Amino acid sequence: MARSLESYGRKMEALAIDQGLDYFPVHFEQVPASFMMEVAIYGLPVRMPHWSFGVRYIHQLIQHQMGHSRLFEVVYPGNPGRAYMAQSNSIPENTLVIAHVLGHADFSKNNELFRRSQEEVGYKIVEQAAGHAKRIAAAIDQHGQEKVEQVLDAALALEAHIDAFKGLRRDPYPEYRLPPSVAAPGEFKDRFRELPGEEQPVVKDAENVRADIPPHQERDLLWFIAHYAPALEDWERDIFLAVREESFYFYPVFACQTMNEGWASYWHARLLREADFIPQSEYLDAIKTHSDVVRPHASGNQVSLSLNPYHLGFSMWEKIIETEGLERAFQIRKEEDDFGFIRNYLTPELVEELKLFQYQQKKDGSISVLETDLDALKESILNRKYNFGAPRVSAAEVGVDGTLHLVHEHQSDGRGLDLGRCEKVLEYTHRVWRRPVTLSTVDAKNAPRTVSYPAE
Amino acid sequence: MPETPSTFSGCEEGGRQWYELFSRGARDWLRHNEKIRKAVLEKLPDVIAESDLMGGSDNRSVKVPVKFLEHFRFCLSTPDEQEGTGQGDAQPGDQLAGPGQDREGKGRGEGGNDQGGIEFVLELKIDDIIDWLWEELMLPNLEVKTGATREDDYKREGWNRRGARSRLDRRRSIKEAIKRRAVDPDGPAFCNEDLRYRQLVMRQQPATQAVVFLAMDVSSSMRDRDRKLAKTFFFWAIQGLRRQYSHIEPVFIAHTVKAWEFEEEEFFKVRGSGGTVASTAFGAINTIIDERYDPARFNIYMFYASDGENFRDDHDPAEQALDRISIVASYIGYVETPASEERALDTETAAIFDSAAEHGAPVGSYALTSNESVWTAIRGFFQQHAGEKVA
Numbered sequence: 001m002a003r004s005l006e007s008y009g010r011k012m013e014a015l016a017i018d019q020g021l022d023y024f025p026v027h028f029e030q031v032p033a034s035f036m037m038e039v040a041i042y043g044l045p046v047r048m049p050h051w052s053f054g055v056r057y058i059h060q061l062i063q064h065q066m067g068h069s070r071l072f073e074v075v076y077p078g079n080p081g082r083a084y085m086a087q088s089n090s091i092p093e094n095t096l097v098i099a100h101v102l103g104h105a106d107f108s109k110n111n112e113l114f115r116r117s118q119e120e121v122g123y124k125i126v127e128q129a130a131g132h133a134k135r136i137a138a139a140i141d142q143h144g145q146e147k148v149e150q151v152l153d154a155a156l157a158l159e160a161h162i163d164a165f166k167g168l169r170r171d172p173y174p175e176y177r178l179p180p181s182v183a184a185p186g187e188f189k190d191r192f193r194e195l196p197g198e199e200q201p202v203v204k205d206a207e208n209v210r211a212d213i214p215p216h217q218e219r220d221l222l223w224f225i226a227h228y229a230p231a232l233e234d235w236e237r238d239i240f241l242a243v244r245e246e247s248f249y250f251y252p253v254f255a256c257q258t259m260n261e262g263w264a265s266y267w268h269a270r271l272l273r274e275a276d277f278i279p280q281s282e283y284l285d286a287i288k289t290h291s292d293v294v295r296p297h298a299s300g301n302q303v304s305l306s307l308n309p310y311h312l313g314f315s316m317w318e319k320i321i322e323t324e325g326l327e328r329a330f331q332i333r334k335e336e337d338d339f340g341f342i343r344n345y346l347t348p349e350l351v352e353e354l355k356l357f358q359y360q361q362k363k364d365g366s367i368s369v370l371e372t373d374l375d376a377l378k379e380s381i382l383n384r385k386y387n388f389g390a391p392r393v394s395a396a397e398v399g400v401d402g403t404l405h406l407v408h409e410h411q412s413d414g415r416g417l418d419l420g421r422c423e424k425v426l427e428y429t430h431r432v433w434r435r436p437v438t439l440s441t442v443d444a445k446n447a448p449r450t451v452s453y454p455a456e
Numbered sequence: 457m458p459e460t461p462s463t464f465s466g467c468e469e470g471g472r473q474w475y476e477l478f479s480r481g482a483r484d485w486l487r488h489n490e491k492i493r494k495a496v497l498e499k500l501p502d503v504i505a506e507s508d509l510m511g512g513s514d515n516r517s518v519k520v521p522v523k524f525l526e527h528f529r530f531c532l533s534t535p536d537e538q539e540g541t542g543q544g545d546a547q548p549g550d551q552l553a554g555p556g557q558d559r560e561g562k563g564r565g566e567g568g569n570d571q572g573g574i575e576f577v578l579e580l581k582i583d584d585i586i587d588w589l590w591e592e593l594m595l596p597n598l599e600v601k602t603g604a605t606r607e608d609d610y611k612r613e614g615w616n617r618r619g620a621r622s623r624l625d626r627r628r629s630i631k632e633a634i635k636r637r638a639v640d641p642d643g644p645a646f647c648n649e650d651l652r653y654r655q656l657v658m659r660q661q662p663a664t665q666a667v668v669f670l671a672m673d674v675s676s677s678m679r680d681r682d683r684k685l686a687k688t689f690f691f692w693a694i695q696g697l698r699r700q701y702s703h704i705e706p707v708f709i710a711h712t713v714k715a716w717e718f719e720e721e722e723f724f725k726v727r728g729s730g731g732t733v734a735s736t737a738f739g740a741i742n743t744i745i746d747e748r749y750d751p752a753r754f755n756i757y758m759f760y761a762s763d764g765e766n767f768r769d770d771h772d773p774a775e776q777a778l779d780r781i782s783i784v785a786s787y788i789g790y791v792e793t794p795a796s797e798e799r800a801l802d803t804e805t806a807a808i809f810d811s812a813a814e815h816g817a818p819v820g821s822y823a824l825t826s827n828e829s830v831w832t833a834i835r836g837f838f839q840q841h842a843g844e845k846v847a
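So the protein sequences, as listed, match chains X and V. So the first sequence is numbered by the numbering used here: it starts at 1 and just counts up by one. So the second sequence is numbered by the numbering used here: it starts at 457 and just counts up by one.
To be clear, the hints were calculated from the coordinates, so they are not data collected in a lab. Errors might be hidden in some of the hints.
[To be verified] Looking from chain V toward chain X, a few residues come up when the C-beta cut is under 10 Å (computed): (1) S462; (2) F528; (3) S622.
[Stated by the list, open to error] Under the rule of at most 25 Å between Cα atoms (straight-line distance), these lysine to any residue pairs were calculated in the SDA-like manner: (4) K378(X) with R343(X); (5) K134(X) with D772(V); (6) K378(X) with D545(V); (7) K523(V) with Q145(X); (8) K378(X) with K523(V).
Here the structure is a predicted model, which is why all the values come from computation and not from measurement. From the three backbone atoms N, C-alpha and C, an ideal C-beta is built for every residue, glycine too.
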């Protein structure tokens, strides 16, 4: 690494700490642009092999070659955090990247959702994921590519279906039903029992009544299948749990994207502004990069049908710090995720300033702009963030023959599932569940539909 | 405050990192292609039926447009109306795009599903397909038909001290000179005694040439689906024969109440009207054999595709013409694309081929009702053909 970048880095860190940022040490590494691209696709520097990543890779490669996307940095929370920056970046660009990464590092150490997730998953996700990849490579050697791929097809298809609120480590369901709560003995109870003709209630021996599995609708499909599939082998369970662990790691990254990117962008801008050790010309280059990153998708009179989370987050943080002060901002970055952040801090003035609007797109391609309703607008931004943006599907029941019944909560999601894709996912699932799998949802006309694999 | 300072490490010259050694993206992409290749091979009959492949050299390849494989996930059905959030100068009520317009940027951020639609072109070598197919269908390799069919030709065989200048073998001659000088070091560098000429001898060669007559009923009762099935069958039958014969000539004949010879490109597009008189096609084949293909030099194969309907009055002429072909043909295949599965091979045309079989002709009849049945027919043809050779 060039001398000056290293010295800028150290000075930038001193400045960040001076400004109140608090983070675990970060391991910075300059890597080839091709590696940056792969890291962005896999989500982790070393991750399990699967053909679906190959498809994403080609898409990204095409986009990259057409110059549509450029990656400046990738950072992994942890202790130490790990950050990769492209070798091909100029020194001013990488100086900005260092400042940006420090913003992320502060966020991931202090934000509650991140903190909880790292306490569960561990502070060394990069190494853990590499460990998963290694175990899966060993499984391929032992059981063959086809068999391992079948398990991964299923596990990765259900990747979004975890229950972040129940946590990574869960006890199995109780084996027996809980005893019915017996009313506390008291005067009324004693006298009631003495009434003539009143039989003693037959208290079923609760210990002998097996609990239903699952006892309630279970959203963590990866966990449920890993632990309750009738004929899953150990190495297959291991793969399911590896995928699940990575999903738990990804959850806060996903659920705080706008906040986190906005926070990092705010801090790189602020730190650069304060950094008197950077020569004027380099500062201008860096600030130009900044404006490229936080630029709205639409510039000038253009209209864009999507939002740039960097731009939205950055603008919101600027507003918050301007109106409520830095201390309050630190508190918000600690307590909120994107849901709370956007619902609580996206003000009508900001909506107007940023020219946000809601639109409706019909099947024929026509798009019309709707009246602005602040709450509806917020929900529409958040709409794709629930549950990794995946539909709410849960395990409802296991039949006596071992059939797994899944239920889609179509009322919460507002409409039914794509039935064709649904059947394919059931096909993947069936290969690991090894008994029939069904799913209830509604079709396009809102009529109940049950999809089964194998088809009945 | 961080307990330990952050570390900055770069790539020093010469210190190559592990990640420069391989690309996981490329590895998984290759795996995807492997899977897609398999998926394509599984639906080859469809693929093949859509392109003009017949004839030409064996090195030809097929270009197959394929979609990226989609790794399926649960996702919501596409609604009639979708809402989204945008940014820019737009007033409530503005129409940003009219019906049917495809705005750039549409669907951005809609999740991974938009990847399913992109197509790329997969190039498959026909040779590879054939090899795969033979393995998959466990088809026997055909024995070259020998016996009466032989061709006489000159072959190089040995050397002579005399001969035409054009057949002088320089390498051999030099060797002779070297040998001679080894015994007699003082001798001349080169002399007439050293010259060696290649010799040609007339030898009988097993015939490795074949002609395949592909005849098809193109009367109005043949539907597009029937043609497609027939074409698929024809294609694979030729490819199978090509594995065995060094030279193969397809001859395309279409008929209704008359028969015509066609070039490959037109053959499958021909659409006739009116009835079916099969004897015209068989007659045309006999004429072409007489004129162009000496049965002593060519292995003769014939395949005939029809929906099974033939004019009743034509029964006897058709039978006679077919019998004439069967005397010289190595194999006669009849593929029927029946109107209904129940009536398969219970038709007028099938009866003509049955009676030829009774007269001892090497005839096989197959019904083509679906893409899968093409493979059954191909397997039947090659196994039956190979079986006869053993017997």
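Hints broken by the structure, by number, lowest first?
3, 5 and 8
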